[in-house]
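Read off the chains here:
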Amino acid sequence: MSSGGGGFGGGFGGGHRGTPHQDFELNLASIIDCFTVLIAFMLATASFLSIGIFDAGVAAAGAQQASATPPPVHVAVELRKDFSVEVKIQGKENRTWTLAATKDGSWDYPALTAQLEDIKKRWPELSATTLQAQDLVEYNHVIKTMEVTKKTLPLILLGGF
Amino acid sequence: MFKKKMFGKRSAMSGEMELQITSMADIFTILLVFLLKSYATGISVNPPKGMMLPSAQAADTQVEALKLEVTENSISVEGQPIATLTKFQFDTADLLGNHASKSLGASLEKERKRQILIAQGNADVKIDPKIIIIADQRVPYTTIKSILATAAVNGYTDFKLAVVKPE
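If you're matching them up, the sequences are chains A and B in order.
Quick note on numbering: the first sequence equals residues 1 to 161 in the working numbering.
Quick note on numbering: the second sequence equals residues 162 to 328 in the working numbering.
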């Protein structure tokens with residue numbers, strides 16, 4: 001007695017006469033080939049840096065443009081190259097504070113945070129600040145200051161031009 | 162019967178064997194899904210070689226906008242170098258009175274005109290004020306000021322500053 005078989009190639013062969021049985025092995029080799037090429041391409045082009053984005057506006061456009069009602073006061077933070085920070089408030093209150101550099105010669109971020117929180121307590125409707133720096137202050141210091149300032153005043157406008 | 166058994170044993174002993182690739186296919190599928198997901202959710206920013214982005218905790222928003230890269234020697238818009246820098250600074254001849262850069266301004270103006278043209282042809286497209294700034298952490302603020310001034314003059318007022326999130 002011959003085994004019959006469907007004659008559908010290796011996969012379908014060997015069943016009952018006339019009805020090829022459903023047991024067959026999927027040929028995964030070609031799929032693996034495709035996956036290997038795709039994965040290799042994606043690994044080669046993927047960036048493993050976790051990139052984040054800081055939003056900033058232009059101070060020249062004015063804090064007024066960002067909100068419909070102009071705030072009663074305007075706060076400006078200026079980074080100086082001697083690592084001191086000047087915090088200036090203008091409007092219904094006019095004052096300037098200079099926060100000296102820390103003993104290890106860096107920006108005094110805890111003092112800046114405390115100062116901004118103090119201002120925010122007095123003017124709760126305040127949400128924006130203008131950040132500027134002297135010419136030689138490096139970009140990473142500006143970013144670090146933005147990160148600190150955003151915790152108290154979330155809207156940052158870059159100025160100085 | 163005896164013969165059959167003997168042949169069976171012999172074939173099992175032979176060097177031919179089938180590699181089990183089903184589990185391999187599973188692993189590859191998982192890898193592919195993971196990579197596709199990270200492609201889809203990440204911001205498509207690939208900093209040039211040698212660039213050190215500033216590090217900060219920032220929002221993980223997905224933004225698509227005009228990309229401006231600032232390295233030690235050049236400024237590129239959408240990967241095309243458009244201005245040369247010397248130690249992160251513009252040549253004084255390239256700067257205008259309001260700190261804006263001539264060469265960068267020309268490139269941004271071209272991009273802006275292209276956007277306006279597209280917006281005129283398609284009502285669904287709006288002119289985008291967003292610009293992604295991918296700058297090295299050592300860039301002095303004077304260069305950043307020039308870039309911001311040039312961008313603002315050309316209608317790009319919503320700055321997206323790219324940073325690396327710490328692990």
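Keep in mind that a hint or two might mislead.
Stated by the list, open to error - Computed spacing ranges between beta-carbons, pair by pair:
#, chain 1, residue 1, chain 2, residue 2, range
1, B, Leu197, A, Pro154, 29 to 35 angstroms
2, A, Tyr109, B, Asp252, 56 to 62 angstroms
3, B, Asp252, A, Arg122, 44 to 50 angstroms
To be verified - Here are the simulated BS3-like cross-link-like pairs (lysine-lysine), alpha carbons at most 25 angstroms apart as the crow flies:
#, chain 1, residue 1, chain 2, residue 2
4, A, Lys151, B, Lys306
5, B, Lys326, B, Lys263
6, A, Lys144, B, Lys198
7, A, Lys103, A, Lys144
8, B, Lys326, B, Lys198
9, B, Lys306, A, Lys81
10, A, Lys151, B, Lys210
11, B, Lys291, A, Lys151
These aren't lab readings, by the way, just hints derived from the structure by calculation.
Even for Gly, the Cβ is constructed at its ideal location relative to N, Cα and C.
Violating hint indices (sorted, rising):
Violated: hints 2, 5, 6 and 10.
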